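Asks: Chain by chain, the residues:
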Amino acid sequence: MRVYKVGVERIHALDGVSLELRENEYVAIMGPSGSGKSTLMNVLGCLDRVTGGCYELDGQNTTGMSDAALARVRNERIGFVFQSFELLSRSNALRNVEMPLIYSRDGWWSRRKRATEMLQRVGLGDRIKHRPNQLSGGEKQRVAIARAMICNPSILLADEPTGNLDSKTSEDILALFDQLYAEGQTIILVTHEESVARHARRIIRMKDGRIFTDLTAEEDQARRLDLTAVLGKVTK
Amino acid sequence: MKPVLTILKTILGIFLAFFRLFYQSIYLALGQIWVNKTRSVLTTLGIVIGVASVTAVIAALTGLKAKILTQVETLGTNTIFISPRVPDRGRLQHAGWWQMRFRPEQMDGLLDHCPSVEALSRMGGVGWRTVKYGEQSVDRVEVQGIEPDFHKIEHRPVVLGRVFSPIDDMQVRQVCLIDPKLRDKLRLDRDCIGETVRIGYHAFRIAGVIESRPQMNFGESSQERYELFVPFKTLEKLGEPFMWAMATGKSAETLEEAQAEIKFFLRRTRTIRPGEPDTFRVESLQSALETFNKIAVIVTMVAGGIVGISLLVGGVGIMNIMLVSVSERTREIGLRKAVGAKRSAILTQFMIESVTLCFVGGLVGVGFGQLLTMAIANIPQVKLDLAHIPLWAIGLSFSFAGIVGIVFGMVPAIKAARLDPIEALRHE
Numbered sequence: 001m002r003v004y005k006v007g008v009e010r011i012h013a014l015d016g017v018s019l020e021l022r023e024n025e026y027v028a029i030m031g032p033s034g035s036g037k038s039t040l041m042n043v044l045g046c047l048d049r050v051t052g053g054c055y056e057l058d059g060q061n062t063t064g065m066s067d068a069a070l071a072r073v074r075n076e077r078i079g080f081v082f083q084s085f086e087l088l089s090r091s092n093a094l095r096n097v098e099m100p101l102i103y104s105r106d107g108w109w110s111r112r113k114r115a116t117e118m119l120q121r122v123g124l125g126d127r128i129k130h131r132p133n134q135l136s137g138g139e140k141q142r143v144a145i146a147r148a149m150i151c152n153p154s155i156l157l158a159d160e161p162t163g164n165l166d167s168k169t170s171e172d173i174l175a176l177f178d179q180l181y182a183e184g185q186t187i188i189l190v191t192h193e194e195s196v197a198r199h200a201r202r203i204i205r206m207k208d209g210r211i212f213t214d215l216t217a218e219e220d221q222a223r224r225l226d227l228t229a230v231l232g233k234v235t236k
Numbered sequence: 001m002k003p004v005l006t007i008l009k010t011i012l013g014i015f016l017a018f019f020r021l022f023y024q025s026i027y028l029a030l031g032q033i034w035v036n037k038t039r040s041v042l043t044t045l046g047i048v049i050g051v052a053s054v055t056a057v058i059a060a061l062t063g064l065k066a067k068i069l070t071q072v073e074t075l076g077t078n079t080i081f082i083s084p085r086v087p088d089r090g091r092l093q094h095a096g097w098w099q100m101r102f103r104p105e106q107m108d109g110l111l112d113h114c115p116s117v118e119a120l121s122r123m124g125g126v127g128w129r130t131v132k133y134g135e136q137s138v139d140r141v142e143v144q145g146i147e148p149d150f151h152k153i154e155h156r157p158v159v160l161g162r163v164f165s166p167i168d169d170m171q172v173r174q175v176c177l178i179d180p181k182l183r184d185k186l187r188l189d190r191d192c193i194g195e196t197v198r199i200g201y202h203a204f205r206i207a208g209v210i211e212s213r214p215q216m217n218f219g220e221s222s223q224e225r226y227e228l229f230v231p232f233k234t235l236e237k238l239g240e241p242f243m244w245a246m247a248t249g250k251s252a253e254t255l256e257e258a259q260a261e262i263k264f265f266l267r268r269t270r271t272i273r274p275g276e277p278d279t280f281r282v283e284s285l286q287s288a289l290e291t292f293n294k295i296a297v298i299v300t301m302v303a304g305g306i307v308g309i310s311l312l313v314g315g316v317g318i319m320n321i322m323l324v325s326v327s328e329r330t331r332e333i334g335l336r337k338a339v340g341a342k343r344s345a346i347l348t349q350f351m352i353e354s355v356t357l358c359f360v361g362g363l364v365g366v367g368f369g370q371l372l373t374m375a376i377a378n379i380p381q382v383k384l385d386l387a388h389i390p391l392w393a394i395g396l397s398f399s400f401a402g403i404v405g406i407v408f409g410m411v412p413a414i415k416a417a418r419l420d421p422i423e424a425l426r427h428e
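So the sequences go chain by chain: A and B.
Each residue of the first sequence is one higher than the last, beginning at 1 in my numbering.
Each residue of the second sequence is one higher than the last, beginning at 1 in my numbering.
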């Protein structure tokens, strides 16, 4: 449960959300704006704390953790991919990717090597010295994904990763996600595009701070078809 | 054994954590400064100017002090100067200085009555005279009469020939000591002992060559000074001299006693009634030096204050730029926090950034100060060729710059560290 206080009003951004994610799952969280999906994402990413209830990550309760401990959890267990990439515009791709290692306990000395390897893994081996303004949108997002993956996180959290990209590049990025998932990465995707969500194996739909449905991709697809059928009948 | 090991491990761990925090922050801060070169340079300008001016002022004062100390060394620190003075109150307030002059007999027997005084030399001056040797003549030679004790008081060795003896004085011999510059100007031989120079209608045989006085003369014209000494009694032949005296105390500790004794003695010989002010001045170099030191301290403090203000202004400039930097890098800070930067990491990064700016400013400032000092030292009229920046001044400027960096970097750094990552990432 996450309650925000706006003036005297209490807003339940998350209310009675109970969710269990297993290793190597590919989950899409969907919902209209204001449904609480961003808040859920922040909680899952240890950027935000729950006001009630608890959040356990890798069998570790994060609810009572200090800011510093949460920062460490974010550093070691979570990789973020943002809609607007959030790359440092004055640094080249390599420096952007190695950034999380600067804050890690023991990644400092091998950061160049690891960042180079990671850039090669996302297919940007020849763009290492390029700055963000010399890269295309898809390439930028690949750099961002490389940055998110550099610390071998337990969860890769992507917030509308294709929101700023055209459909062709979106497909490339989603193919990259598929590849990472095939390699055993747990991925959580927040989106409102059905075409993007279709790549996931499990789809969680949210509404008013609650989980509305939590189904596998196939079940979700079936339900959607049912609904359209019903709707079709109604409109007919 | 085991708990000790655990404690050691913990301590090592904490140390390593600090070390890590430091090199991480230094790396990031230097990168940031390098990326914003122009801005960084402009930001540190205030600090540069402040530090440069403080080091230059201190260097100039150091040079002045060194100069004065060398002068004092030749004169000796426990030298006492005795000269007539028109009192600023009482009966003789409006007397002319000629009326106030010393008479030679007023000093007779002074050494017997003043046990703390080691030596006394009456000195006479007849102003500037023209000295001739053969066809050569030199104008503006300072002709002074001295007693043999002069050689015990002023540390100016006679490099050639002999010093004056009491017999020269008693027999009113027409002998003189000249300084090497005058010798050269008169085109005399290097060994000029026994040659005769003329002052007006009087001829003087050169008895010795006395070392020149070290050049100082602030404010005086930079033109050469020539000196010629004759025995005190001989001087009267050249006209009535204006008289003063130099003495030394037996030791530095009894210098004030010696001065008091001389005052007492002179009040009696000059028949000053009780309650009336002195008609003469008895001063020691010691007290002159103390006065100078006081002035130097005041000048240093005033300069320090001005520089402090300029450093303050520089510090405010740095704070301003750091605040701007924090607000324009809000998203970046949010991102850094999201990928696992702790508050302490952000805080140290910004602190180190501002401290580094200040230190670099201090370094450049010391460099400029050095240049200024060299410039000052090379202006011939100022005669501060001994000016240099003492080490403590460099240390002081650096620590001051560092403190400015810490104090003014604190607010922006705390602001940055406190940012909420979610809010920061949403910031436009």
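Worth flagging that the hints you see were computed from the coordinates, not collected in a lab.
Just so we're clear, the structure is a prediction, and the values are computed from it rather than from any experiment.
Errors might be hidden in some of the hints.
[What the hints assert, rightly or not] Quick look at which bits of chain B chain A covers, simulated, 3 or more residues with Cβ under 8 Å: (1) 238-252; (2) 368-377.
[Unchecked claim] Which residues of chain B face chain A? A partial, calculated answer using Cβ under 8 Å: (3) PHE22; (4) GLY125; (5) GLY194; (6) THR330; (7) GLU332; (8) LYS342.
[Claimed, not checked] Counterexamples of contact, computed for chain A against chain B with all Cβ distances above 12 Å: (9) GLY64; (10) GLY79; (11) PHE82; (12) SER91; (13) SER136; (14) THR169; (15) LEU215.
C-beta atoms are modelled at their ideal positions from N, C-alpha and C, and glycine is treated no differently.
Asks: Hints first: check each against the structure and report whether it holds.
Replies: Consistency of the hints with the structure:
{"no.": "1", "hint": "238-252", "result": "violated (count 0)"}
{"no.": "2", "hint": "368-377", "result": "violated (count 0)"}
{"no.": "3", "hint": "PHE22", "result": "violated (12 Å)"}
{"no.": "4", "hint": "GLY125", "result": "violated (75 Å)"}
{"no.": "5", "hint": "GLY194", "result": "violated (85 Å)"}
{"no.": "6", "hint": "THR330", "result": "violated (12 Å)"}
{"no.": "7", "hint": "GLU332", "result": "holds (6 Å)"}
{"no.": "8", "hint": "LYS342", "result": "holds (4 Å)"}
{"no.": "9", "hint": "GLY64", "result": "holds (17 Å)"}
{"no.": "10", "hint": "GLY79", "result": "violated (8 Å)"}
{"no.": "11", "hint": "PHE82", "result": "violated (7 Å)"}
{"no.": "12", "hint": "SER91", "result": "violated (8 Å)"}
{"no.": "13", "hint": "SER136", "result": "holds (21 Å)"}
{"no.": "14", "hint": "THR169", "result": "holds (22 Å)"}
{"no.": "15", "hint": "LEU215", "result": "holds (29 Å)"}
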